[in-house]
Amino acid sequence: MASLDYTRPLTASGNLRRRRVVDRLMRGAATAAALAAVVILGLMVFAIAQRGGSQLSVAFLTQNPPEQLYAAGGGIANAIIGSALMVALATIIALPIGVLIAIYLTEFATARAAGPIRLALDLLYGMPTIVIAIFILGLLVVGHGQTGFYASLALAIIMLPLIARTTGESLALVPKELRDASHALGISRWRTTVGITIPSALGGIVTGTILAVARVAGETAPMLLLASVFDNTKTSFNIFGQALPNIPYEIFNLAESGGTVNVAKAWGAAFVLVVFVLIANFVARALHHRSTRMMTGR
Amino acid sequence: MLLGLAAGASILAVAIIGLIIYEIVNSASPAISKYGLGFFGHQTWNNYTVFGAATLIFGTVVTSAGALLIAAPLGIAIGLYLSLFSARRTAAIIGPLVEMLAAVPSVIIGLWGIIVLGPFLRSTIEPWLHDALGFIPLFGTPSATGSGVFTAIIVLGIMALPIIAAITRDLFLTVPSELKDGALALGATRWEMVRGVVLSSMRPGIASACILGVSRALGEAIAALQVIGSVFQISSNLFAPGNTLGATIAIQANADNSKLQVASLFYLALVLLAIELLVNLAAQAIVRHYRVPSASGPTIVAAGAPN
Amino acid sequence: MSNKTQTRSPYSVMDEPHSEIDAATAPVVAPLAIEVADSKDETPPSREVVFDLRDVSVYYGQALAVAGVSLEIHRNQITAMIGPSGCGKTTILRSLNRMNDSVSSFRLTGSCTYHGNDLYASGVDAVEVRRRIGMVFQRPNPFPKSIYDNIGWAPRILGMRDNLDERVEKALRGAALWDEVKDRLKTSALGLSGGQQQRLCIARSIAIEPDVLLLDEPCSALDPISTASIEDLMQDLKNDYTLVIVTHNMQQAARVAERTAFFSLDVSGGQRKGILVEYDDTATIFTRPADKRTEDYVTGRFG
Ligand SMILES: Nc1ncnc2c1ncn2[C@@H]1O[C@H](COP(=O)(O)OP(=O)(O)O)[C@@H](O)[C@H]1O
Ligand SMILES: [Mg+2]
Chain A
40 MASLDYTRPL TASGNLRRRR VVDRLMRGAA TAAALAAVVI LGLMVFAIAQ
90 RGGSQLSVAF LTQNPPEQLY AAGGGIANAI IGSALMVALA TIIALPIGVL
140 IAIYLTEFAT ARAAGPIRLA LDLLYGMPTI VIAIFILGLL VVGHGQTGFY
190 ASLALAIIML PLIARTTGES LALVPKELRD ASHALGISRW RTTVGITIPS
240 ALGGIVTGTI LAVARVAGET APMLLLASVF DNTKTSFNIF GQALPNIPYE
290 IFNLAESGGT VNVAKAWGAA FVLVVFVLIA NFVARALHHR STRMMTGR
Chain B
282 MLLGLAAGAS ILAVAIIGLI IYEIVNSASP AISKYGLGFF GHQTWNNYTV
332 FGAATLIFGT VVTSAGALLI AAPLGIAIGL YLSLFSARRT AAIIGPLVEM
382 LAAVPSVIIG LWGIIVLGPF LRSTIEPWLH DALGFIPLFG TPSATGSGVF
432 TAIIVLGIMA LPIIAAITRD LFLTVPSELK DGALALGATR WEMVRGVVLS
482 SMRPGIASAC ILGVSRALGE AIAALQVIGS VFQISSNLFA PGNTLGATIA
532 IQANADNSKL QVASLFYLAL VLLAIELLVN LAAQAIVRHY RVPSASGPTI
582 VAAGAPN
Chain C
377 MSNKTQTRSP YSVMDEPHSE IDAATAPVVA PLAIEVADSK DETPPSREVV
427 FDLRDVSVYY GQALAVAGVS LEIHRNQITA MIGPSGCGKT TILRSLNRMN
477 DSVSSFRLTG SCTYHGNDLY ASGVDAVEVR RRIGMVFQRP NPFPKSIYDN
527 IGWAPRILGM RDNLDERVEK ALRGAALWDE VKDRLKTSAL GLSGGQQQRL
577 CIARSIAIEP DVLLLDEPCS ALDPISTASI EDLMQDLKND YTLVIVTHNM
627 QQAARVAERT AFFSLDVSGG QRKGILVEYD DTATIFTRPA DKRTEDYVTG
677 RFG
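As given, the protein sequences belong to chains A, B and C, one line each in that order. Quick note: the first sequence, position 248, residue 287 per this note's numbering, numbers continuous. Quick note: the second sequence, position 194, residue 475 per this note's numbering, numbers continuous. Quick note: the third sequence, position 199, residue 575 per this note's numbering, numbers continuous.
These are computed hints drawn from the structure, not numbers from a lab.
Cut-off 25 Å, straight-line C-alpha distance, at most; resulting in silico cross-link-like pairs (PhoX-like, lysine-lysine):
(1) K540(B) - K315(B)
(2) K546(C) - K562(C)
(3) K461(B) - K521(C)
(4) K562(C) - K461(B)
(5) K649(C) - K668(C)
(6) K546(C) - K521(C)
Take a look, some chain A residues computed to stay more than 10 Å from chain C by CB distance:
(7) S96
(8) I131
(9) R157
(10) L217
(11) P238
(12) F315
The following label-pair restraints were derived from C-beta to C-beta distances:
(13) V78(A) - R370(B): 17 to 23 Å
(14) G184(A) - R370(B): 52 to 58 Å
(15) H328(A) - T563(C): 40 to 46 Å
(16) L566(C) - F321(A): 39 to 45 Å
(17) F321(B) - G184(A): 30 to 36 Å
We treat Cβ as the ideally placed atom computed from N, Cα and C, and that holds for glycine.
Isolated chain A (complex conformation) (with noise of 0.2 Å):
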């Protein structure tokens, strides 16, 4: 044991300093590769607010595109309200379902048949959305002719799996005491559920579903297969009936149509959306942080 002299000092020496080197540069590596990720936030971010904050106006907020596809001035306001609307209707068709499937795997399922359902979700959830959206295409559009609904159906089925997912995970926390009080007192299963088990879970499930709506907010996809033929110039609500216009296919279309000013206009409207979907993120975070903490006492 006479080989090293631990009485020397004991900064760096010998090989450690070629190994501290190497150290550093893995360290800064990694530190400069999230710097990257936040420039490249930074950079996309500041595009976004600096073209398209000019762009935002009441009139932008307010009024339908011009008649002229390249004329100046008008706004999205006819985008917004069919975003609205079918994000609206595709919650109310995936938001019961999906808490359904939750209460299923949670409470009821036996492992087997938990089994096929989780792999379906997990396989819905990995479906790229133009799948989903062919399909749809497929199925209803082609030879009857584009609706919002159809489009809210495509929209529903991406929601499904992420409401399914963030529903499960809060039901999973309720203690399983709550359950039990609950069955000593003699009250039935589905009562204990519908009366204990979802509402300790509001939170989770309240979460999921802004998340899901800021995500299915911003789908492109669809709304090119199912939403993409209506007049731009009016407002429609008549979302049984036929396409109505939209946020995303109102940004790809500006951008595509080309010219100086519906790239702007594109900008404005990509503010908005990004505006609404890093909102919807910012509360579903804070009601998650609030929620858990809740939940398990942290």
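Since the structure of chain A is provided, determine the placement of chains B and C with the ligands on it from the hints.
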């Protein structure tokens, strides 16, 4: 009654998967019976008459592989930074910012890609790469417009990045502190600890994170469509325009098309569906086989990137 | 009541009912159920000092965890730290090889030197410190690698690649594990029993030829037989290394250590903090403690 409803909803989820597969195979069948497997080898996509997927499969594979090449090392590095290198307080700020990148809708990333990123790449990066590495065919003549395979690779890489970063971060956070302490107590630097104890024991989880990241790139239709240039060709030049499966479906499926073209588009969708199913099942198999903790990703990020 | 404990059960002292003894009438020297290790010789006064702590206090954020610890730790001896849980034994131990650096709220005042070098001076590289001062933890923490790679990993990164096979064998022999694992060096270390894993961790530490081994309750997760084998091992190791062991088991301290530091919780002034009550030869601590609190503790009237 609740049980019935809940079971019914669950059966519906399984049924949707089945229905999607059935509908796509069924609608694709005219193209399947006309072209068979030759579809994959045929390069011509001639609207109304001849349809072959070779250029699209090539474009999809090249853009996704390129995106993975960029996003995997960067994403893993960010995961390491957020879980092991940074102060907790810094991570609490940068982590959500990275996750926010996943929440930006793809049509907006595509808009940024075509208006801001593409022109920048065309005027700066592409000429520079061409001058320095032009002897490699990959770095040929810079693109004319800023649209092309290279731009698509960067855009898809940006989309895969936050997914890989967030999943690997959560993965690395599961490494027990005893293990890390054990390595440090032997006189290892932090990086040596990471290499020797964290990365080596987390390989399956990292692989599954990368698979989930690349699956986003494979399935992305809109952002790819916006920046790739939509040309049906196989070019060795990364800066040349190209096309992908998703982009072609997105732009052609709502047009007034011949029956054969519609069927061919469904055939493309079938290919995409098969690729995605394989990729997702592979990620799941890895997770199951190695019992990797939570490789499906955190919910907040999971709900992130739309395409 | 049996005063002589024949077994090596680490728990027997705690199990014995001490309440029968009236504190007032009890002799100054309490009836000890503890055999003080007989193998050690009287400490020569000129022992080389390895660690010298002067008035060391540790804070976690605003909270004072340990206050005013002064002690010297001598070369090729086993020094034990005992005391009730939460009194800062682990904190002090981890301060000796800068393992607390990863706790961002950690702050140390006072002077803490190692062979005369201030451990907390600027310019000191914690990695260099740990390379000389190894640590074995409460729960065995083998890496999820083969037995061979568990031992070989650190020598490799430290640039001690020559004759690695011999080095691995020597370390395993040094930790009294060689015979048990020599035929399965390439199998996972996670397949070993708890006691074997802990000896593997000791082998892993000595493979890089450190100067000091810090052991934080190394036997608390082990059965009595494994505990005995580790205690035997420590007696062998002290010929080559300086050992510092934290233990919640007083008999263990009595059996293995030449010197024992007794820590306690001080609650005066409304603030809970750990203090070093008494530090002396183990025999003194267990038979003629100078402080009433030490006596209460070692006789089982406290903690
Ligand atoms: N990482 C830490 N952060 C904050 N407080 C800590 C930390 N580690 C230990 N403490 C506090 O320091 C005190 C001493 O703890 P410790 O050294 O673990 O005691 P022991 O090992 O004697 O049981 C305890 O009050 C404990 O809560
Ligand atoms: Mg302790």
